[in-house]
Amino acid sequence: MRIDPNMVPSLLAELQQSQVQLNTALQQVSTGLRVNQPSDDPTAAAAMVQNTIETGDLDQYTQNVSTSLSTVQTASSVLSSVVTSLTSAVSAGTEGANGTNNASDLQALANQVQGILTSVVSAANTSVSGSYLFGGTSTATPYTADPASPTGYTYNGNNDTNSVAIGDQTSVQVNLPGSQIFSAAGNNVIGSLSSLVTALKGGNSADIETATTAVDSALNFVGQQQVFYGNAETQLNSQETFLQQDKVTLSTQASTLVGVNESTAATELSQAETDNSAALAAVAKVLPNSLLNYLSPPS
Amino acid sequence: MGGLSTALLIGVGGLDAAQGALDATSNNIANVNTPGYTREVAQFSEVPENDSNSQITGGGVTLDGLMSIRDELLNMQINQQTSLQNAADTESSSLQQLQTNFTSTGTDIASALTAFSSSLVQLSGNSSSSAAQQGVLSAGQNLAAAFNSTANGLTGAQATANEQVPDTVSQINSLTQQIAQLNGQLAQVPAAENGGTTKDQLDQAVQQLAALTNISITQTNNGETITTGSGTPLVIGNQSFSLQTATGPGGLNEVLDSNGNNITSTISSGTLGGSLNIANQVIPGFLTQLNTLASQFATAFNAAQAAGTDSNGNPGAAFFTGTANLNSAAADIDVGLTSTSQIAISSDGAGGGNGNVANLSAVLTSPLPSGESPENSYASLVFNVGAAASNASTQSTAIGDSLTQLNTLQGSVSAVNIDEETANLLRFQTAYEAATRIVSTVQVLNNATLNMGSGSSF
Chain A
5 MRIDPNMVPS
15 LLAELQQSQV
25 QLNTALQQVS
35 TGLRVNQPSD
45 DPTAAAAMVQ
55 NTIETGDLDQ
65 YTQNVSTSLS
75 TVQTASSVLS
85 SVVTSLTSAV
95 SAGTEGANGT
105 NNASDLQALA
115 NQVQGILTSV
125 VSAANTSVSG
135 SYLFGGTSTA
145 TPYTADPASP
155 TGYTYNGNND
165 TNSVAIGDQT
175 SVQVNLPGSQ
185 IFSAAGNNVI
195 GSLSSLVTAL
205 KGGNSADIET
215 ATTAVDSALN
225 FVGQQQVFYG
235 NAETQLNSQE
245 TFLQQDKVTL
255 STQASTLVGV
265 NESTAATELS
275 QAETDNSAAL
285 AAVAKVLPNS
295 LLNYLSPPS
Chain B
17 MGGLSTALLI
27 GVGGLDAAQG
37 ALDATSNNIA
47 NVNTPGYTRE
57 VAQFSEVPEN
67 DSNSQITGGG
77 VTLDGLMSIR
87 DELLNMQINQ
97 QTSLQNAADT
107 ESSSLQQLQT
117 NFTSTGTDIA
127 SALTAFSSSL
137 VQLSGNSSSS
147 AAQQGVLSAG
157 QNLAAAFNST
167 ANGLTGAQAT
177 ANEQVPDTVS
187 QINSLTQQIA
197 QLNGQLAQVP
207 AAENGGTTKD
217 QLDQAVQQLA
227 ALTNISITQT
237 NNGETITTGS
247 GTPLVIGNQS
257 FSLQTATGPG
267 GLNEVLDSNG
277 NNITSTISSG
287 TLGGSLNIAN
297 QVIPGFLTQL
307 NTLASQFATA
317 FNAAQAAGTD
327 SNGNPGAAFF
337 TGTANLNSAA
347 ADIDVGLTST
357 SQIAISSDGA
367 GGGNGNVANL
377 SAVLTSPLPS
387 GESPENSYAS
397 LVFNVGAAAS
407 NASTQSTAIG
417 DSLTQLNTLQ
427 GSVSAVNIDE
437 ETANLLRFQT
447 AYEAATRIVS
457 TVQVLNNATL
467 NMGSGSSF
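The listed protein sequences derive, respectively, from chains A and B. Going from the first sequence to my numbering is simple: count from 1 and add 4. Going from the second sequence to my numbering is simple: count from 1 and add 16.
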């Protein structure tokens, strides 16, 4: 059978094909990516859309976790200082109720408890980067002095709470409203302190004792509320660990989807280089050969 | 009668034949690189025998003609594959350009969705921070811009494909005219030549036509009858029928036959088929998906925004605008908010509340009316674009391989082999030299005969 004498087109086609392979191999090695455009692997490119968005969210969740942790820890330490203050108020009250104090002693104790009241109110008004920790979702100063109020203070915040997203479908409540800590019905911290001041000023031992018992009960109540912040802190810490693991999972998934296996890529590159030189050598060898080379020129 | 004159005639016949064969060989060598040239082979036949005085002598050789060697079936297969390959190439190059809009560049929709989603997560953690609020507003603007530029990239590619249609149609018309003219000339070519160089030119023109659109060819007494795939005549005998273009709905070009009938949908391959498919089917499909996503996402996000309260205490105003027209939602989408105070962060109306941020965030992962979340819906669009581009280029490679094989087959039949022609050159040179020797020998013999009887010869 006659063969196609014209080898140039098929040689050039092979040469071009080997150059395409060489380019692909070079691109994969240099970018470290197997998928550089959607057509390289449509399924992987589509899955990467989700992966990229999740990775972006994940970084932000991690930031939210650390911001929330600092908020929760600040709130928790504020409550600890309140507990300490209340403990000294209880001692002051107990001392005032033992019946051995003269008027000036009681006045001194009353002043001490008044000081504690001021410091507790100022603790309740703590703000972190412009937001009040115990004002609910309100931006108003939580407690302000109000002569009309029986406790001497009014709560200006609301009863709502904020939750921060720390994962897909996961969020953590980061605050308790002040009304639930400092002026709760039945365990009103500010009210009980204020009653103790009044009782100490009045000098009636029985009244002082009742007021002291109320402060003591408020002290226990604040201790219970502190548990909320402890729980939030635990949840945030475990979420941080989870997010770190999730990040590893996502980046493993990304490299499986679009990354290139380096040893495979290197092998493919060297294979493509060999193919390309073989194709070039074939072109160089075949083209100059013809019968004319072997005939003597006509005399 | 037999005699020296017979020998002379035979010798001259041999000279003519060898000369014809040398012509064919030199023409073959000269056209070794001419596209569409098929090699010619000199056809010899014996001249009938002479029977005189019961003596039978051969009559010599005669040159019937120079026959072109071609395989019509292969030509038809090559035409078909050429049509398919050009369609795949046209689609592939358009889709390769188009898919850059969907590559992760930082300004594509996936990157913008990522930034928008994480800006909302950030807002959840720092709802009162003006930087976080500004982050959401800017990310929203970037997302709208990414929708706009992707939509523009798609409509741009569509316009490019659409503009190629009239150009291609006018190339088709000039080729069909040329083919009709060659059909007329073909009738004048002697049958022994198998079409000769006229047929070479005709085949070449037909192959160019096949690259532009799908055709079907019938061999008739009047040359080749060429119709479009659906049977609309393009060339009958020496008459050609021009196609026309008209602007149809949406500014897209339609192809009409010579009677004005719309035959757009029947043009399936060739450059024209590829351009029409891209402009009329492929890109509109992507655009519909993108516009649906833009419109449904904007509606869902605006609804979440309306459920909350902004920092002025008002119900959230529409975050995204411009998506009322579903046909251009992605191109027109814009951010309607002018200030960060309009973001509906709070669900209770209090300035420090972030209750509605979770609702805003949820829009990105909750199913839209289309059944998919915005993220997944965009991911399927990326898949569709990638798959279309990958299919077109795979198809182009596969057809290219089969076309290379067909061309090799055609080359084995029709292409000029320099070695073969060089050998033929030597062969016919020898034959020519031998024939001249016959003539000169007869001349010497004639002289000898004429001088027979004169004294000098004895």
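No lab work stands behind these hints, which were simulated from the structure alone. One should not assume that every hint holds.
[Claimed, not checked] Between beta-carbon pairs, the in silico distance windows are: (1) G266(B) / V252(A): 34 to 44 Å; (2) M5(A) / Q255(B): 23 to 33 Å; (3) T148(A) / N330(B): 20 to 30 Å; (4) Q445(B) / L30(A): 31 to 41 Å; (5) K289(A) / S21(B): 54 to 64 Å; (6) G134(A) / N330(B): 40 to 50 Å.
Ideal placement from N, C-alpha and C gives every residue a C-beta, glycine not left out.
Checked hints:
1. Distance hint for G266(B) and V252(A): a CB-CB separation of about 49 Å, inconsistent with the stated range 34 to 44 Å.
2. A beta carbon spacing of about 40 Å between M5(A) and Q255(B) contradicts the range 23 to 33 Å that was offered as a hint.
3. At about 27 Å, the beta-carbon gap between T148(A) and N330(B) stays in the expected band of 20 to 30 Å.
4. Against the hinted window of 31 to 41 Å, the Cβ-Cβ separation of Q445(B) and L30(A) comes to about 53 Å, which falls outside the hint.
5. Distance hint check: the CB atoms of K289(A) and S21(B) are about 56 Å apart, consistent with the given range 54 to 64 Å.
6. Checking the proposed 40 to 50 Å range against G134(A) and N330(B) shows it is violated: the Cβ atoms sit about 22 Å from each other.
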